[in-house]
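Could you build all of it, start to finish, from the sequences and the hints given here?
Protein chains: 2
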Amino acid sequence: MASKVSPDGERGFIVPVGGAERKIRDPTILRRFVELCGGRGASIVVIPTASQAKDTGRRYERIFRDLDVRDVRAISLETRADCERSEVLDTLERADGVFLTGGNQLRLSTTLGGTPVAQLIRRRNAAGVHVAGTSAGAAFLCQHMIAFGDEGPTPRSGMVTLAPGLGLTNSVIIDQHFRQRDRLGRLLTALAYNPFATGIGIDEDTAAFLGPDDWIEVLGSGALTIIDPSKLDFSAMDSTPEGEPVSLVGIRLHILSAGDSYNISKRQAAPSAAKIAKARERTG
Amino acid sequence: MASKVSPDGERGFIVPVGGAERKIRDPTILRRFVELCGGRGASIVVIPTASQAKDTGRRYERIFRDLDVRDVRAISLETRADCERSEVLDTLERADGVFLTGGNQLRLSTTLGGTPVAQLIRRRNAAGVHVAGTSAGAAFLCQHMIAFGDEGPTPRSGMVTLAPGLGLTNSVIIDQHFRQRDRLGRLLTALAYNPFATGIGIDEDTAAFLGPDDWIEVLGSGALTIIDPSKLDFSAMDSTPEGEPVSLVGIRLHILSAGDSYNISKRQAAPSAAKIAKARERTG
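Residue numbers (this note's numbering), protein chains in the order written: chain X, 1 to 284; chain F, 1 to 284.
Among the clues, some could well be false.
The list cannot tell twin chains apart, which means a pair is met if one copy fits it or any two copies do.
[Stated by the list, open to error] Calculated pairs, SDA-like style, for lysine to any residue (alpha carbon to alpha carbon, straight line, at most 25 Å):
#1 Lys-275 / Ser-239
#2 Lys-266 / Val-88
#3 Lys-54 / Phe-148
#4 Lys-23 / Arg-59
#5 Lys-231 / Pro-27
#6 Lys-266 / Ala-126
#7 Lys-266 / Leu-120
#8 Lys-278 / Ser-76
#9 Lys-231 / Ala-269
#10 Lys-266 / Arg-122
#11 Lys-266 / Ile-276
#12 Lys-275 / Ser-261
#13 Lys-231 / Arg-252
#14 Lys-54 / Asp-150
#15 Lys-275 / Gln-119
#16 Lys-231 / Leu-36
#17 Lys-231 / Glu-78
#18 Lys-54 / Arg-282
#19 Lys-231 / Pro-116
#20 Lys-275 / Glu-242
#21 Lys-275 / Thr-154
#22 Lys-278 / Ala-223
#23 Lys-266 / Asp-214
#24 Lys-266 / Arg-25
#25 Lys-266 / Phe-234
#26 Lys-54 / Ser-247
#27 Lys-231 / Gly-158
#28 Lys-278 / Gly-9
Everything labelled a hint here was simulated from the structure, so no lab data went into it.
Here is the structure:
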C-alpha cells in the first residue's frame with residue numbers, strides 16, 4: 001500500500017517511461033528527471049535488477065554522469081537478502097531520485113517485493129523522492145503490475161497476467177512499448193477486470209511525469225494512450241470464455257503527446273496551450 | 001486503495017469466509033458476524049451481485065432473520081448504474097455490516113469496481129463497519145483478488161489470474177474452497193509474483209475474522225492455510241516458462257483451526273490457549 005505523504009512534504013514524482021528512451025543525443029526524458037531531482041547536485045540511485053545484462057547499472061551511471069550528475073550509483077540487488085543490507089538502505093535513504101532499469105518486471109517484484117528496500121522506496125517517494133522506471137521498471141511502479149500477456153488490439157479474456165507491483169500508486173495501470181508491441185488489448189483486459197483504475201499505455205521514448213498534484217505531464221517523442229473505464233456502461237468480462245474477445249461499452253480514450261497533461265483524480269485531459277492556440281489559428 | 005481509518009474510530013472487521021458456510025443448524029460463522037454487527041439491533045446489507053441465482057439475496061435475508069436480525073436488506077446491484085443510485089448509497093450509509101454472497105468474483109469487480117458503492121464500502125469499513133464475504137465475496141475483499149486459475153498443489157507459472165479487488169486490505173491474498181478445490185498451487189503462484197502479502201487459503205465453512213488490530217481469528221469447521229513468503233530465500237518465478245513448476249525455497253506455512261489466531265503485521269501464529277494446554281497435558 002502506498003505510504004502516507006508526510007504532512008510537511010509533498011509526494012515525489014512517479015515517472016514511468018515507455019522503454020527505449022533517448023540516452024545520448026537529446027535525452028529529453030532523462031534530463032527532465034535529473035532536473036526534478038536537483039540537477040548536478042542530485043544524488044541518483046540506479047536499480048538494474050530487472051536486467052539480465054551485467055553492464056546495465058554501469059551504463060546508466062555513465063548516462064547520468066554525461067548529464068552532469070556527480071553522485072550517481074548503481075546498486076546491485078540480485079537476491080532478496082541483498083534487499084536487507086544496511087549499506088544499500090543507507091544509500092537509498094540519501095537519494096534524491098531512484099531509477100529502475102528495464103528487463104523483466106517479475107524479476108523486480110520477486111526480488112524486491114516485501115523487502116526493506118521496497119518499503120524504503122515507498123516511504124521515500126511519499127516524502128518527496130522522485131522514482132522513475134523504464135520498460136519493466138515502469139510496469140513495476142504501480143500497485144497492479146502487468147506481468148506479461150499477449151499482443152493485439154482486442155481485449156480477450158485471460159490475455160494478461162497481473163501481479164502486485166511496488167505500489168507507489170493505485171490509481172493507474174501502466175503498459176509500455178505500447179504502440180511498438182501492440183498492447184492495447186492487454187491493457188483493456190487488465191482494466192476490464194475492475195474499472196477503477198486509469199490505464200496508461202506509454203510508447204517508447206515517452207514518459208508520464210505524475211506529480212503530487214495528480215497531474216501527468218507527457219514528455220518525449222511518442223504518445224500516451226489514456227484509457228478511462230470509469231463510465232463503462234457494459235462489460236462482458238465476467239462471462240467471456242478464455243481467449244474470446246470481451247465486449248466493453250463506454251470507454252473513454254485520449255491520445256496525448258509532449259506538453260499535454262492529464263489529471264488522474266479528475267479524469268480530465270488538457271492539451272498543451274501551444275496546441276490549443278494552433279488549433280484556434282486553423283479554425284480562425 | 002484502502003481508506004484511512006478515522007482517528008476517532010477503529011476499522012471494522014474484514015471477514016472472508018471459505019464458502020459453503022453452515023446456514024441453518026449451528027451457523028457459527030454467520031452468528032458471530034451478526035454479534036459483531038450489534039446482534040438483533042444490527043442493520044445488515046446483503047449484496048448478492050456475484051450470484052447468478054435470482055433468489056440469493058432473499059435467501060440470505062431469511063438466514064439473517066432466522067438469526068434474529070430485524071433490519072436486513074438485500075440490495076440489487078446488477079449494473080454499474082445501480083451502483084450510483086442514491087437510495088442504495090443511503091442504505092449502505094446506515095448499515096452496521098455488509099455481506100457479499102458467493103458466485104463469480106469478476107461479476108463483483110466489473111460491476112462494483114470504481115463506483116460510488118465500492119468507494120462507500122471502503123470508507124464505511126475504515127470507519128468501523130464490518131464487511132464479510134463468502135466464496136467469490138471473500139476473494140473480492142482484498143486489493144489483489146484471485147480472479148480464476150487452475151487446480152493442483154504445485155505452483156506453475158501462469159496458473160492464476162489476479163485482478164484488482166475491492167481493496168479493503170492489501171496485506172493478504174485470499175483463496176477459498178481451499179482444501180475442497182485443491183488450490184494451494186494457485187495461491188503459491190499468486191504470492192510468488194510478489195512475496196509482500198500473506199496468503200490465506202480458507203476451507204469451506206471456515207472464516208478468518210481479521211480485526212482492526214491485525215489479528216485474524218479462525219472460526220468454523222475447517223482450517224486456514226497461512227502462507228508467509230516474506231522470508232523467501234529463492235524464487236524462480238521470473239524465469240519459469242508458462243505451465244512449468246516454479247521453484248520456491250523458504251516459505252513458512254501454518255495450518256490453523258477454530259480458536260487459533262494469526263497476526264498479519266507481525267507474521268505470528270498463536271494456537272488457542274485450550275490447544276496449548278492440551279498439548280502440555282500430553283507431554284506432562
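How the hints compare with the structure:
1. In this homomeric assembly, Lys-275 and Ser-239 never come within 25 Å of each other (Cα to Cα): the closest approach is 42 Å inside a single copy and 45 Å across copies.
2. Taking the shortest Cα distances, Lys-266 and Val-88 sit within 25 Å of each other only across copies (24 Å), while inside one copy they are farther apart (38 Å).
3. With identical chains, the CA atoms of Lys-54 and Phe-148 are at most 25 Å apart within one copy only, with a shortest distance of 23 Å there and 37 Å across copies.
4. Only within a single protomer do Lys-23 and Arg-59 lie at most 25 Å apart by alpha-carbon distance; the minimum there is 10 Å, versus 63 Å between protomers.
5. When the C-alpha separation of Lys-231 and Pro-27 is checked against a cutoff of 25 Å, the pair qualifies neither within a copy, at 37 Å, nor between copies, at 40 Å.
6. In this assembly of identical chains, the alpha carbons of Lys-266 and Ala-126 lie at most 25 Å apart whether taken from the same copy (21 Å) or from different copies (23 Å).
7. Taking the shortest alpha-carbon separations for Lys-266 and Leu-120, only the inter-copy value of 18 Å comes in at or below 25 Å, while the best intra-copy value is 29 Å.
8. Taking the shortest Cα distances, Lys-278 and Ser-76 never come within 25 Å of each other, neither inside one copy (48 Å) nor across copies (50 Å).
9. In the homo-oligomer, the alpha carbons of Lys-231 and Ala-269 lie at most 25 Å apart inside one protomer (15 Å), although the nearest pairing across protomers, at 43 Å, exceeds that limit.
10. In this assembly of identical chains, the alpha carbons of Lys-266 and Arg-122 lie at most 25 Å apart whether taken from the same copy (24 Å) or from different copies (20 Å).
11. Taking the closest pair of Cα atoms, Lys-266 and Ile-276 come within 25 Å of each other only inside a single copy of the chain (20 Å); across copies the shortest separation is 54 Å, beyond that limit.
12. When the C-alpha separation of Lys-275 and Ser-261 is checked against a cutoff of 25 Å, the pair qualifies only within one copy, where the shortest distance is 12 Å, while the shortest distance between copies is 60 Å.
13. Taking the shortest Cα distances, Lys-231 and Arg-252 sit within 25 Å of each other inside one copy (8 Å), while across copies they are farther apart (43 Å).
14. Within a single copy, Lys-54 and Asp-150 get their C-alpha atoms no closer than 28 Å, and across copies no closer than 36 Å, so neither meets the 25 Å cut-off.
15. In this homomeric assembly, Lys-275 and Gln-119 never come within 25 Å of each other (Cα to Cα): the closest approach is 41 Å inside a single copy and 36 Å across copies.
16. Taking the shortest alpha-carbon separations for Lys-231 and Leu-36, neither the intra-copy value of 34 Å nor the inter-copy value of 36 Å comes in at or below 25 Å.
17. In this assembly of identical chains, Lys-231 and Glu-78 lie within 25 Å of each other by CA distance solely across copies; the values are 15 Å between and 42 Å within a copy.
18. Taking the shortest alpha-carbon separations for Lys-54 and Arg-282, neither the intra-copy value of 52 Å nor the inter-copy value of 57 Å comes in at or below 25 Å.
19. For the identical chains of this complex, Lys-231 and Pro-116 are inter-copy neighbours only, at 12 Å across copies versus 38 Å inside a copy, given an alpha-carbon limit of 25 Å.
20. Neither within a single protomer nor between protomers do Lys-275 and Glu-242 lie at most 25 Å apart by alpha-carbon distance, with minima of 42 Å and 46 Å respectively.
21. When the C-alpha separation of Lys-275 and Thr-154 is checked against a cutoff of 25 Å, the pair qualifies neither within a copy, at 31 Å, nor between copies, at 55 Å.
22. For the identical chains of this complex, Lys-278 and Ala-223 are intra-copy neighbours only, at 19 Å inside a copy versus 66 Å across copies, given an alpha-carbon limit of 25 Å.
23. In this assembly of identical chains, the alpha carbons of Lys-266 and Asp-214 lie at most 25 Å apart only when taken from the same copy (8 Å versus 33 Å across copies).
24. In the homo-oligomer, the alpha carbons of Lys-266 and Arg-25 never lie at most 25 Å apart, since the shortest distance is 36 Å inside one protomer and 50 Å across protomers.
25. In this homomeric assembly, Lys-266 and Phe-234 come within 25 Å of each other (Cα to Cα) only inside a single copy, at 22 Å, whereas the closest approach across copies is 42 Å.
26. Proximity of Lys-54 to Ser-247 under the C-alpha cut-off of 25 Å is restricted to the inter-copy arrangement: shortest distance 24 Å between copies versus 44 Å within a copy.
27. Proximity of Lys-231 to Gly-158 under the C-alpha cut-off of 25 Å is restricted to the intra-copy arrangement: shortest distance 23 Å within a copy versus 30 Å between copies.
28. Taking the closest pair of Cα atoms, Lys-278 and Gly-9 never come within 25 Å of each other, the shortest separation being 38 Å inside a single copy and 54 Å across copies.
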